[in-house]
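Q: If you want the building blocks of each chain, they are given just below.
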Amino acid sequence: MSVAHKSSRPSSAETILTYLRRNTIVALLLLLAVFIAGIETVRPGTVTPLWISNTLLFAAPLGIFAAGQTLVMLTGGIDLSVATVASGSAYLLATNASHGTPQAILLGLLLGLLVGLANGVGIALMRVQPLVMTLGTGLMTGGFMIVYSQQMLASQPRIPAFIQALGATKLFGAIPYDLFVWAPIAAFIIYALRRSGFGRLIYAVGDNRVACELAGVRVWRVLLSAYVLCGVLAALAGIILVGGTNASNLSLADSYLLPSVAAVIIGGTSIFGGRGGYSGSIIGALILTVLTSLLTLLDIGEPVKQILYGSIILAMAAAYARLTD
Amino acid sequence: MSRNDIESLPPESLAVAMRFLRRNPALVGMPALLIAAMIFTVIVHPAFGSFELQSLALAALPLALAACAQAVVVISGGIDLSVGPMMSVANVLAGSLMVHGSFVGALLWSVLILLVGALEGLANGLLVKISRIPDVVVSLTTGFILGGVALLIMERPGGGAPAAFLDLAAGTTFSEWVPNALIFLVVVVGAVWTPVVRSRLGLLIYATGSDRVAAFRSGVDTDFARLVAYVISGVFSALGGIALTMTTGIGAPLSGTIYTLSGLAAIVIGGVSLSGGKGGIVGPVIAAILLSLIPADLIFLNIDPNYGQVIQGTLIVIVVMAGGFAASWQARG
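Chains A and V supply the protein sequences, listed in that same order. For the first sequence, position 2 (counting from the first letter as 1) is numbered 2 according to my numbering, and the numbering increases by one without interruption. For the second sequence, position 293 (counting from the first letter as 1) is numbered 293 according to my numbering, and the numbering increases by one without interruption.
Please note: incorrect hints may appear among the correct ones.
[Said to hold, decoys possible] Covered stretches of chain A (chain V as the covering partner; in silico rule of three or more C-beta atoms under 8 Å from a C-beta of chain V): (1) 129 to 135; (2) 265 to 277.
[Unchecked claim] Covered by chain A, per the in silico footprint, the following chain V stretches (three or more residues, Cβ under 8 Å): (3) 130 to 141; (4) 168 to 178.
[Said to hold, decoys possible] Here are a few chain A residues that face chain V, going by a calculated C-beta distance under 10 Å: (5) 301; (6) 313; (7) 318.
Keep in mind the hints are simulated off the structure, nothing from the lab. Remember, it's a predicted structure, so these values are computed and weren't measured experimentally. Think of the CB as a built atom: it goes at the ideal place given N, C-alpha and C, for glycine as much as any other residue.
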C-alpha cells in the first residue's frame with residue numbers, strides 16, 4: 001500500500017488511497033505483487049509456473065487455518081487452540097495409520113470436532129471470553145497429547161501414502177493435490193458467508209450480539225457452529241501439514257498460530273467482528289507464504305527470519321488499520 | 001487492594017475489614033485454597049519436607065513473576081501474549097552475559113536486563129497505541145519477534161551465572177524451611193508493585209482497566225496508564241527470565257515459552273478479571289504456587305505429571321465459567 005502511495009504524484013495519491021480504501025482487495029493484491037516482485041529481484045528467474053504451484057501447495061494449510069479463524073473472528077472471537085488441535089490431529093493420524101487411512105483421518109478430524117465443540121459450548125453457552133476458553137482447551141488438548149504420545153512410544157508413527165500425496169505432490173506435476181481440498185472449502189465459505197443465512201448471521205453476531213439476541217437470533221447456535229467449523233478446519237490443516245512434512249511431532253503446527261491470525265487480520269477482517277471476509281484471508285495467506293519464501297531466499301538465519309517475519313506482519317497490519325480507519 | 005487503600009477514610013476497623021474482604025474475595029479464598037492444597041499434599045506424601053518445599057518455591061518463582069507481568073496489563077484492560085518470549089530473552093541474556101562474571105557483575109547485568117524488559121514493555125505499549133492493531137495481535141506478534149531475538153542471542157541452551165547469584169533464589173540462607181526463592185519473590189514483587197499501587201499511578205491503571213471511556217472523560221490519561229502497565233509488565237517479565245536463570249542455572253532460548261499461557265492461567269485463577277480493573281497481584285502469585293503444586297502432587301499420587309497441563313487448562317475454564325455464573329447470579333439476586 002505504502003509503495004503504491006509513494007510511486008504516484010501527491011495530487012493523485014489521495015484518489016488512489018480512496019480507491020484502495022474502497023477496494024481493499026486490490027490493495028492486498030498489489031502488496032502480494034510487491035512481494036513477488038521482491039522475490040524476482042532477489043533471485044531473477046525464480047517466479048515460474050512451477051514456483052507458483054509450489055507456493056499454492058505451501059499456502060493451502062495456512063489458507064485452511066485462516067478459513068476457520070476468519071469464521072471465528074467475524075463473530076468477534078479468536079481461536080488460539082488451532083495450532084494445538086492441528087498438531088494433535090496430525091499425531092493421532094500418524095499413530096493410528098495402521099488401522100486404515102480413512103479411520104485415521106476421521107480420528108484426526110474428530111479431535112478437531114471435539115475441541116471445537118468444547119470451545120463453542122464454553123463461549124456460546126457459558127459466555128466465557130473466547131481468548132480464555134480457547135487458551136484453556138488448547139492447554140488441555142496439548143496436555144492430553146503429551147500423555148498420549150508417551151503411551152505411544154512403542155508404535156512408530158507413520159504417515160499414510162495418501163496423506164503424503166495430498167500434502168506434498170501435484171496432479172500432472174502442476175496442480176497441488178491439497179488445492180483440491182482448499183479450493184472447495186474456500187468456495188464454500190465465501191459463498192456461505194455472502195449468500196447463506198448462516199453467513200449473514202455470523203456477520204450480524206459479530207457486529208452486534210445484543211441486537212441479534214433481541215431480534216430473536218439464536219446466537220449460541222451461530223457461535224457454536226463457527227467454533228466447531230474452526231476446530232475441524234484446524235484438524236484438516238494439521239493433516240495436510242503432516243503430509244507435507246512427512247514427520248509428526250507435537251509441535252508440528254506451533255509456528256502456524258501467529259500466521260493463522262495474521263493472515264486474517266492482514267486480509268482485512270476485524271478482530272472485533274462483523275467486518276471482513278474470507279477472500280481477503282486467502283490473499284493474506286498467500287502474502288504470508290510468499291513472504292516466507294522471500295525470507296528463505298535471503299539466506300539469513302532462522303532467528304533473523306523470525307524477527308523480520310514478525311516485524312513485517314506488524315507493519316502490514318498497522319498499514320491496513322490506517323488505510324481502513 | 002489499591003482502591004481500598006486510597007479511598008479508605010479513617011478506619012472503622014470492622015466495617016473497613018468487611019468491605020475489604022467483600023471487594024477482594026481472592027485474598028481470602030486463595031490463601032485458604034493454598035493451605036488446603038498444602039494439607040492435601042502432606043497427606044498424600046507424608047515425607048513432604050524442606051527439600052520438597054524448596055523445589056516448590058523454585059518451580060513457582062518464574063511462574064509467579066510471569067503471572068505478575070500478565071496481571072498488571074490485564075488490570076489495565078489489555079493483554080500481553082509476549083510475556084513468555086520476553087522471559088526467554090531475559091533468560092538467555094542473563095545466561096550469556098553473566099557466565100564468566102562476578103556476583104557484583106551479575107547484579108549490574110540484571111539491572112541492564114530489567115531495562116531491556118522495560119523497553120520491551122514500552123515498545124508493546126507504543127505499538128498498541130500507534131498501530132491501532134488490537135493488543136492481542138500486537139503482543140502475539142511481538143512475542144513471535146522476541147522468540148527470534150532469544151534464538152539470536154543463544155541458539156541452544158547454555159551459559160550460566162555465578163553460584164552466589166544463583167543462590168539468591170536457589171539457596172537457603174536463613175533456614176532450610178525458608179527457601180530464598182520465596183523471599184526473592186516477596187521482595188521483588190513488593191519492590192515493583194507496592195510503589196505503583198500506593199500511588200496515583202495505581203489508581204489510574206485500575207480506573208483505565210475498569211472503564212476506559214469513563215476514566216478518559218474523568219481526565220485520566222488512559223494511554224499513559226496503559227503504557228505504564230506494559231512497562232511494568234516488561235520489567236516483571238525480565239525478572240521472570242532472570243529468575244529462570246537462577247532456578248535452572250543456565251539460559252535457554254525456549255525456556256519462557258510456556259509461561260505466557262501458565263501466567264494467564266494463574267491470573268484467571270487468582271481472581272483477576274480479564275475485562276480489566278479487577279483483582280490484585282497477591283491472588284495470581286498464590287495461584288502460581290498452587291499451579292506449581294499440581295505436577296508435584298500428581299507425581300506423589302503416581303499419576304503422569306503431564307496431566308498437569310490438562311488440569312491447568314480445565315481449571316482456567318472452570319474458574320472463568322464459575323465467575324460468569326457468580327456474576328449472573330449476583331445480578332439476578
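Q: Give a verdict on every hint.
A: Hint by hint, here is what the structure shows:
1. 129 to 135: Result for this restraint: holds, n = 5.
2. 265 to 277: holds (count 3)
3. 130 to 141: holds (count 10)
4. 168 to 178: With 0 residues close enough to chain A, the hint is violated.
5. 301: Result: holds, 7 Å to nearest chain V Cβ.
6. 313: holds, 5 Å
7. 318: Status holds, d = 4 Å.
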